[in-house]
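S.K.: Sequence:
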Amino acid sequence: MAQQFAQQVKIRTGIYVFLKDSPNPVVLYFENPQQAFDELKQAMKSATPVLVDKTATGPIKRLCVISNQIKGLAMQDEQYQ
163 MAQQFAQQVK
173 IRTGIYVFLK
183 DSPNPVVLYF
193 ENPQQAFDEL
203 KQAMKSATPV
213 LVDKTATGPI
223 KRLCVISNQI
233 KGLAMQDEQY
243 Q
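Under the working numbering, the residue at position 38 of the sequence shown is numbered 200, and the numbers go up by one with no gaps.
These are calculated hints, taken from the structure and not from any lab test.
Do not rely on the hints blindly, as some may be mistaken.
Quick list of in silico lysine-lysine cross-link-like pairs, BS3-like style, CA-CA up to 30 Å [as the list claims (entries may be wrong)]:
{"no.": "1", "residue 1": "K216", "residue 2": "K203"}
{"no.": "2", "residue 1": "K233", "residue 2": "K203"}
{"no.": "3", "residue 1": "K216", "residue 2": "K233"}
{"no.": "4", "residue 1": "K203", "residue 2": "K182"}
{"no.": "5", "residue 1": "K216", "residue 2": "K182"}
{"no.": "6", "residue 1": "K172", "residue 2": "K216"}
{"no.": "7", "residue 1": "K207", "residue 2": "K182"}
{"no.": "8", "residue 1": "K223", "residue 2": "K233"}
{"no.": "9", "residue 1": "K207", "residue 2": "K223"}
{"no.": "10", "residue 1": "K172", "residue 2": "K203"}
{"no.": "11", "residue 1": "K233", "residue 2": "K207"}
{"no.": "12", "residue 1": "K223", "residue 2": "K203"}
FRET-style restraints, in silico, Cβ to Cβ [as the list claims (entries may be wrong)]:
{"no.": "13", "residue 1": "Y242", "residue 2": "K207", "range": "25 to 33 Å"}
{"no.": "14", "residue 1": "I228", "residue 2": "Q170", "range": "39 to 47 Å"}
{"no.": "15", "residue 1": "T175", "residue 2": "D215", "range": "15 to 23 Å"}
{"no.": "16", "residue 1": "L213", "residue 2": "V171", "range": "33 to 41 Å"}
{"no.": "17", "residue 1": "P211", "residue 2": "Q241", "range": "21 to 29 Å"}
{"no.": "18", "residue 1": "Q170", "residue 2": "E201", "range": "27 to 35 Å"}
Glycine residues also receive a C-beta, built at the ideal position from the N, C-alpha and C atoms.
Taking the hints into account, I'd like the entire structure generated from these sequences.
M.R.: Take a look at the structure:
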């Protein structure tokens, strides 16, 4: 019984982008979430503001924001069926 349940549950990784002047994070899904997370983190740490334009695979298809508007990032594994 437990094996059947384990086979039905899938895991995907969401990247949460916390923006200034927005109370809720933007949740993005990518084919390679670790690479996208590293790119966003690098842009956030940039000394000069750069345009971040990312195409995602989830409900939000595209994010376009200036890097100095990103105040935080997080990754979270989520279960879905």
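S.K.: Confirm or reject each hint.
M.R.: Hints versus structure:
Distance restraint check for K216 and K203: the Cα-Cα separation of roughly 13 Å lies within the 30 Å cut-off, and the hinted pair is therefore satisfied. This hinted pair checks out: K233 and K203 have alpha carbons roughly 10 Å apart, not beyond 30 Å. Restraint check for K216 and K233: the C-alpha separation of about 17 Å stays at or below 30 Å, so the hint holds. Taken as a hint, the K203 and K182 pair is honoured in the structure, with Cα atoms around 15 Å apart against an allowance of 30 Å.
Between the alpha carbons of K216 and K182 the distance comes to roughly 18 Å, so the proposed pair stays at or under 30 Å and holds. For the given pair, K172 sits about 24 Å from K216 by alpha-carbon distance, which is consistent with the 30 Å threshold. Distance check on the hinted pair: K207 and K182 sit about 15 Å apart at the alpha-carbon level, within 30 Å; holds. Distance hint between K223 and K233 is fulfilled; the C-alpha atoms sit about 21 Å from each other, no more than 30 Å.
Between K207 and K223 the CA atoms are separated by roughly 24 Å; this keeps the pair inside 30 Å, and the hint holds. A distance of roughly 26 Å separates the Cα atoms of K172 and K203; the hinted pair therefore holds under the 30 Å criterion. The suggested pairing of K233 with K207 holds, with an alpha-carbon distance near 10 Å, which does not exceed 30 Å. Between K223 and K203, the direct Cα distance comes to roughly 19 Å. Compliance with the 30 Å bound is thereby established for this hinted pair.
Distance hint for Y242 and K207: a CB-CB separation of about 31 Å, consistent with the stated range 25 to 33 Å. Separated by about 41 Å at the C-beta atoms, I228 and Q170 satisfy the suggested range of 39 to 47 Å. Taking 15 to 23 Å as the suggested C-beta distance range, the pair T175 and D215 conforms, at roughly 21 Å. Checked against the hint of 33 to 41 Å, the C-beta distance between L213 and V171 comes to roughly 37 Å, which is consistent with it.
For the pair P211 and Q241, the beta carbons lie near 36 Å from each other, so the given range of 21 to 29 Å is not met. In this structure the hint that Q170 and E201 lie 27 to 35 Å apart at CB holds, the actual value being about 32 Å.
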